[in-house]
Structures are given as structure tokens and as C-alpha cells.
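Visitor: Under the working numbering, residues 103 to 229 are what the sequence shown spells out, in order.
These aren't lab readings, by the way, just hints derived from the structure by calculation.
There could be a bad hint or two in this list.
Across the chosen pairs, the derived CB separations fall in these ranges [unchecked claim]:
1) 182 with 113: 19 to 25 Å
2) 109 with 176: 35 to 41 Å
3) 133 with 197: 33 to 39 Å
4) 175 with 114: 17 to 23 Å
5) 125 with 227: 17 to 23 Å
6) 131 with 109: 17 to 23 Å
7) 127 with 178: 36 to 42 Å
Straight-line C-alpha distance at most 20 Å; calculated SDA-like pairs for lysine to any residue [as the list claims (entries may be wrong)]:
8) 190 with 176
9) 107 with 123
10) 210 with 198
11) 205 with 217
12) 190 with 219
13) 176 with 116
14) 210 with 122
15) 107 with 117
16) 190 with 129
17) 190 with 206
18) 210 with 105
19) 190 with 175
20) 190 with 221
21) 176 with 200
22) 210 with 121
23) 210 with 200
24) 176 with 128
25) 205 with 227
26) 210 with 123
27) 176 with 125
28) 105 with 194
29) 176 with 223
30) 210 with 183
31) 176 with 107
32) 105 with 121
33) 176 with 129
34) 105 with 196
35) 205 with 175
36) 107 with 189
37) 107 with 175
38) 176 with 119
39) 176 with 221
Just so we're clear, the structure is a prediction, and the values are computed from it rather than from any experiment.
Using N, Cα and C, we set each Cβ at its ideal position, and we do this for glycine too.
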Amino acid sequence: MGKVKLLLDVIGDLRSLADSLQAVADAVADSGAAEAELTTTKEPEKAGKAGKAAARNTAKKDAKPAAKQEPEEKPLTLEEVRAVLAEKSRSGHTEEVRGLLAKHGADKLSEIDPAEYAALLAEAEVL
Numbered sequence: 103m104g105k106v107k108l109l110l111d112v113i114g115d116l117r118s119l120a121d122s123l124q125a126v127a128d129a130v131a132d133s134g135a136a137e138a139e140l141t142t143t144k145e146p147e148k149a150g151k152a153g154k155a156a157a158r159n160t161a162k163k164d165a166k167p168a169a170k171q172e173p174e175e176k177p178l179t180l181e182e183v184r185a186v187l188a189e190k191s192r193s194g195h196t197e198e199v200r201g202l203l204a205k206h207g208a209d210k211l212s213e214i215d216p217a218e219y220a221a222l223l224a225e226a227e228v229l
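Kindly produce the complete structure, drawing on both the sequences and the hints.
Guide: Here is the structure:
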């Protein structure tokens, strides 16, 4: 019976790893698309040196407010939620964790809408 439990734990860990790899692949794909868009919008029109300098100054001014906005509460990531749920699962609450996922309409954590991460974590903390 101990070997079966160990194998089930390994399978769960492999599934979790697969979900994490999928999240990383999605993030890389999203950043690649955003980077491609950024390079096309950074190119100033053919307005000469004055137009290019003005575009650089505008880009610098736009970058500063964005940096100041970062200290606000950042949204939870899939990896953060996965870490908490994995710890709960290792603590013997595997069925309760699965129940929480089902309550949010998913079989896997990666299927849950990121907007629901805060509610899911709040429910998991009660376990």
C-alpha cells in the first residue's frame, strides 16, 4: 500500500510539473507577442532626428509612471497558488483540495480563471 501511495504522489507531482511547464510556455509565448508588438510601435515615423528624439523622450516619460505603479498589489500567479495547494495536499488534505478545484469548475488548477485565485486561496487557508 505504501508503494501505491508513493506512486500516486509522484503522478500528482508530475501533473503539477506539467501544469507549471504549460504556464511557463504560455508566459513565454505572451511575452514574445508583446515584444514583437513593442518593437513595431517603438519605431518612430520617418520624421528625422527631431522626431526620433521626441519619441525617445516620450518613451522615457511613459516608462517612469509605469514603474511607480508596480508597488500596488500584484495579482496572484499560478505558481503561488499551486505552491499553497501542494502544501495542503502534502499535509493530508488532497481530497479537500480536489473538492476546491471542482467547486471552482475545474479538474486541474491550470483550468481555473486567474481572477478566482484569491478566493481559492482563501478557501484553502481554512483547510
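Visitor: Against each hint, give a clear statement of whether it holds in the structure.
Guide: Do the hints match the structure? See the list:
no. : hint                     : verdict
1   : 182 with 113: 19 to 25 Å : holds (23 Å)
2   : 109 with 176: 35 to 41 Å : holds (37 Å)
3   : 133 with 197: 33 to 39 Å : holds (37 Å)
4   : 175 with 114: 17 to 23 Å : violated (30 Å)
5   : 125 with 227: 17 to 23 Å : holds (22 Å)
6   : 131 with 109: 17 to 23 Å : violated (33 Å)
7   : 127 with 178: 36 to 42 Å : violated (19 Å)
8   : 190 with 176             : violated (23 Å)
9   : 107 with 123             : violated (24 Å)
10  : 210 with 198             : holds (13 Å)
11  : 205 with 217             : holds (15 Å)
12  : 190 with 219             : holds (15 Å)
13  : 176 with 116             : violated (28 Å)
14  : 210 with 122             : holds (11 Å)
15  : 107 with 117             : holds (15 Å)
16  : 190 with 129             : violated (26 Å)
17  : 190 with 206             : holds (17 Å)
18  : 210 with 105             : violated (24 Å)
19  : 190 with 175             : violated (24 Å)
20  : 190 with 221             : holds (16 Å)
21  : 176 with 200             : violated (26 Å)
22  : 210 with 121             : holds (8 Å)
23  : 210 with 200             : holds (8 Å)
24  : 176 with 128             : holds (19 Å)
25  : 205 with 227             : holds (15 Å)
26  : 210 with 123             : holds (14 Å)
27  : 176 with 125             : holds (17 Å)
28  : 105 with 194             : holds (17 Å)
29  : 176 with 223             : holds (15 Å)
30  : 210 with 183             : holds (12 Å)
31  : 176 with 107             : violated (37 Å)
32  : 105 with 121             : violated (24 Å)
33  : 176 with 129             : holds (16 Å)
34  : 105 with 196             : holds (17 Å)
35  : 205 with 175             : violated (26 Å)
36  : 107 with 189             : holds (16 Å)
37  : 107 with 175             : violated (39 Å)
38  : 176 with 119             : violated (24 Å)
39  : 176 with 221             : holds (15 Å)
Violated hints, listed in ascending order, are 4, 6, 7, 8, 9, 13, 16, 18, 19, 21, 31, 32, 35, 37, 38; each of the other numbered hints is respected by the structure.
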